[in-house]
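Asker: Single-letter residue listing:
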Amino acid sequence: MAIWCADLALDRWRLAEGCAAGEGSDAEPLALIAETAHGPRIAAANPAATAEGVRTGAMLADARALCPALAVRPADPAGDLAFLESLALWAQRWGPWSALDPPDGLIVDTTGAAHLFGGEAMLLADAHAQLARRGLVARAAIAPTAGAAWALAHFGPEGAILEAGDDLMDRLAALPVAALRLDDDVLLLLRRLGLKRLGDLAGIGREALARRFRNRRSPGANPLVRLDQLIGHVPEPLLPVIAAEQPMVQRRLMEPIRHRPLLDRVLADLAEDMARALEGRGEGARRLEMAAWKVDGDVLVRRLEMAAATRDPAHVCRLFAARLDDLDAGFGIELVRLSAPWTEPLALAQAELDAAAERHGTSLAACIDRLTVRLGEGAVRRPVPRASHLPERAQRWAPPLALMPGLQEDFAFHERPLKLLDRPEPIAVIYEAPDGLPRLFRWRGGVHEIARAEGPERIAPEWWRERSTVRLRDYYRIEDSTGRRYWIYRHGLAGDGRGGAPEWFLQGLCA
Amino acid sequence: MSRIEASPQVHVLSPPLAAGLRRGSVSRVLSGAKSARWRPGIATGCRHAEVFAPAGEASGAALALALARDALGIDAQDQRPWLWVQDKAALRLSGRPYRPGLPPHLRHRLIHVAATTPEDALFALEEGLRCRDLAFVIGEIAGNPRALDFTASRRLSLAAEKHGTALWLVRLDARTDLGSARMRWRVTAAASPPPRWNPQAPGRPAWQAELFRAHTFQPGHWTLRDDDTALAAEPAGSRAPDHGDLVRGPGARSLAAG
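Each protein sequence line maps, in turn, to chains A and B. Our numbering applies: residue 1 is where the first sequence begins, and numbers increase by one. Our numbering applies: residue 1 is where the second sequence begins, and numbers increase by one.
A hint or two may mislead.
[What the hints assert, rightly or not] Taking lysine to any residue and the SDA-like style, the derived pairs with C-alpha atoms no more than 20 Å apart in a straight line are:
1) Lys-88/B / Ala-379/A
2) Lys-88/B / Pro-424/A
3) Lys-88/B / Glu-425/A
4) Lys-162/B / Leu-110/B
5) Lys-88/B / Ala-152/B
6) Lys-294/A / His-360/A
7) Lys-294/A / Met-248/A
8) Lys-88/B / Pro-145/B
9) Lys-88/B / Thr-116/B
10) Lys-196/A / Pro-219/A
11) Lys-162/B / Phe-150/B
12) Lys-88/B / Trp-397/A
13) Lys-162/B / His-360/A
14) Lys-162/B / Trp-397/A
15) Lys-294/A / Thr-362/A
16) Lys-294/A / Ala-314/A
17) Lys-88/B / Val-373/A
18) Lys-294/A / Pro-256/A
19) Lys-162/B / Thr-362/A
20) Lys-294/A / Leu-262/A
21) Lys-88/B / Asp-149/B
22) Lys-88/B / Leu-110/B
23) Lys-294/A / Leu-327/A
24) Lys-88/B / Leu-262/A
25) Lys-88/B / Glu-377/A
26) Lys-88/B / Arg-175/B
27) Lys-196/A / Pro-157/A
28) Lys-88/B / Asp-422/A
29) Lys-196/A / Ala-174/A
30) Lys-294/A / Val-249/A
The hints are simulated quantities; they were obtained by calculation from the structure and are not laboratory data.
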């Protein structure tokens, strides 16, 4: 079954205003606008505005010229999507699973469930009644495939039902090609080709369509794939919406609290409640969200992310303590809620007996959590090899407890420095030897005389990633007269046509 | 008792404790003798060492890594991670650790902490010392920040001795101010021995290291070399630096050099 909420944005606005269609503030011309790069544009217009000539997609300035009395409100696409998600969960009353069809549709799998409502016609009638009770203008249709149901809901007659035995192409031939869920440019192309109905497409033969759209891979750009999905020759995987219940504990407070010690006490209680809730589910929290409702209606939210799943109340309290320092309680906090949006399975473990924890120190995950909370997200990381021969790209930094990606071994014959400067520092060559290597150079104010050197190791730029004017590098491992070992390179060659004379840089410090 | 019994590789580090003797009193007993001379591979029992090094070379961190390996040994079974903490000034002066250049048995276990201030770096060091899953901790702090006073240093020593995790603190371009480290080294780079197959190339790393303060050992001066398997020490000045035959007199220059 496909459900199409034709006026989802407007219906949501009406629900928020608390007025029925055509009454109250809805009686005047009104439009929801979206900000675009070229100025505000009409996202949805109510019937009064449509009667005045305001069209969806028009610029607000043009619409104002047609209808000077037009009232505008900002559109809320993110809110619409969130509403659609909750609607998809609610729509599972008619079938075991449902999928989103953004921006304003739903697909519900009702296979084998229609008899519970007394047949498919009764099911559709029930859907209409329930959606109307929620204040939504919706059209619904039932068909053997998701594509056919979508086509009927958008372009078919009211309450259309296709039986499994029907010849789908025969029954849908009269629908316009827009019923195939194609992109706008493909629809324009089909209109220029004179193909207006589904029957026209079926009439010209598969080979011609396949040849014309041979390099269009995505289903939305290829009418043949969409046609096959409509008939059911090609499977169309849909992503079902599954309700994930997140553990949540909260405390309502009799008196609003304004002081930190009381809040710490409440948080400790909540952490213990949360530990109990998580333990019951056999899970540990990776992300925790604490929300505190103030008396004046403001909500303070603090988030916490852990390196490994945990439910240890003491650890959670300690991590939150660093985040609560800048909390402004105002006139007081009256409700504190702790929820865990991201959880991972965590088996029960033996509790620490007596004061063992004090002697044994902390675990690695707890240590990393403490460091991350104080120093920030990107401060604690581990180097991970990357498939690149450019030295500064050959390693990237990953979260410390993430799994190491599988990679082939490094080359054992390349000598690499122990440390790499974040940015190669230019060195001033004072005296150059005939073979091209500097004999004397100046770096950070000190003069270095090269006593021994190995090189060059030529590293070419990655032409598939960088521009063609990037210069190659000749790397030398050097040791100066006092024994300091460095990794320097010459950037470019004389006469390579990519800039002036080559420059020298110091990039690494060898052990 | 503590994890000393639990993990044999740490046991090597500490001198055997007599029954009924507390950890803190051991160094006092041994310092009375103070006859032993340090040599590579000796069990030092030292959990907190400082390495003073110039910032323009990597010798401080390299020696700290070599000493850590010398103390713990290469153990293929030991897959515990280790921590490398740097403050912002140290990061700017001497660069970031580079994975392909780290010793092969250590490179996949590194966890790096880039702290902004010396206070944050000290916090990270202490948290690292209190973690039971870390093999050792290396810190790099530039200069003599106000936060790293004797009290902070003592805090680190106590944490390291209580939890048995070893700390090597590299001090870049720093004065040798008050500190409670059990061993204090001063290190600069030294000319490396020429490799066998290409005498003109730099060889295995070598350092001039001076142990100028230690509780249990006599001070001394060595040229330390990092062979692939172990740390090797020679008395300082025993060998003239050998620069191969790359250094030529000015008369040997080719005319093309101008």
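Asker: All the hints need checking, so say for each whether the structure fits it.
Answerer: Hints, one by one, checked against the model:
Only pairs whose Cα atoms come within 20 Å are accepted, and Lys-88/B paired with Ala-379/A is accepted, the gap being roughly 11 Å. Only pairs whose Cα atoms come within 20 Å are accepted, and Lys-88/B paired with Pro-424/A is accepted, the gap being roughly 17 Å. Using a Cα cut-off of 20 Å, the hinted pair Lys-88/B and Glu-425/A holds, with the two alpha carbons roughly 17 Å apart. For the hint linking Lys-162/B to Leu-110/B, the alpha-carbon distance of about 23 Å lies beyond 20 Å, and the restraint is violated.
Between Lys-88/B and Ala-152/B the CA atoms are separated by roughly 18 Å; this keeps the pair inside 20 Å, and the hint holds. The straight-line distance between the Cα atoms of Lys-294/A and His-360/A is roughly 40 Å, outside the 20 Å bound, and the hint therefore fails. For a cut-off of 20 Å, the pair hint linking Lys-294/A to Met-248/A stands: about 19 Å separates their Cα positions. A threshold of 20 Å between alpha carbons decides the hint, and for Lys-88/B with Pro-145/B the separation of about 12 Å falls inside it, so the pair holds.
Restraint check: the Cα-Cα separation between Lys-88/B and Thr-116/B comes to about 5 Å, which is no more than 20 Å; the hinted pair holds. For a cut-off of 20 Å, the pair hint linking Lys-196/A to Pro-219/A stands: about 19 Å separates their Cα positions. Distance check on the hinted pair: Lys-162/B and Phe-150/B sit about 18 Å apart at the alpha-carbon level, within 20 Å; holds. For a cut-off of 20 Å, the pair hint linking Lys-88/B to Trp-397/A stands: about 17 Å separates their Cα positions.
About 9 Å separates the Cα atoms of Lys-162/B and His-360/A, which keeps this hinted pair within 20 Å; it holds. About 32 Å separates the Cα atoms of Lys-162/B and Trp-397/A, which puts this hinted pair outside 20 Å; it is violated. Distance restraint check for Lys-294/A and Thr-362/A: the Cα-Cα separation of roughly 35 Å exceeds the 20 Å cut-off, and the hinted pair is therefore not satisfied. Simply put, Lys-294/A and Ala-314/A have alpha-carbon atoms about 25 Å apart, too far for the 20 Å limit, and the pair is violated.
As the CA atoms of Lys-88/B and Val-373/A are separated by approximately 18 Å, the hinted pair is consistent with the 20 Å bound. Distance hint between Lys-294/A and Pro-256/A is fulfilled; the C-alpha atoms sit about 8 Å from each other, no more than 20 Å. Using a Cα cut-off of 20 Å, the hinted pair Lys-162/B and Thr-362/A holds, with the two alpha carbons roughly 13 Å apart. Only pairs whose Cα atoms come within 20 Å are accepted, and Lys-294/A paired with Leu-262/A is accepted, the gap being roughly 14 Å.
Distance hint between Lys-88/B and Asp-149/B is fulfilled; the C-alpha atoms sit about 18 Å from each other, no more than 20 Å. Taken as a hint, the Lys-88/B and Leu-110/B pair is honoured in the structure, with Cα atoms around 18 Å apart against an allowance of 20 Å. Using a Cα cut-off of 20 Å, the hinted pair Lys-294/A and Leu-327/A holds, with the two alpha carbons roughly 11 Å apart. Between the alpha carbons of Lys-88/B and Leu-262/A the distance comes to roughly 37 Å, so the proposed pair goes past 20 Å and is violated.
Taking the CA atoms of Lys-88/B and Glu-377/A, the gap is near 16 Å; set against the 20 Å cutoff, the hint holds. Taking the CA atoms of Lys-88/B and Arg-175/B, the gap is near 19 Å; set against the 20 Å cutoff, the hint holds. A C-alpha spacing of about 18 Å is found between Lys-196/A and Pro-157/A, which places the hinted pair at or below 20 Å, so the restraint holds. A distance of roughly 12 Å separates the Cα atoms of Lys-88/B and Asp-422/A; the hinted pair therefore holds under the 20 Å criterion.
Between Lys-196/A and Ala-174/A the CA atoms are separated by roughly 9 Å; this keeps the pair inside 20 Å, and the hint holds. Of the supplied pair hints, the one linking Lys-294/A and Val-249/A holds, its CA atoms being roughly 17 Å apart against a limit of 20 Å.
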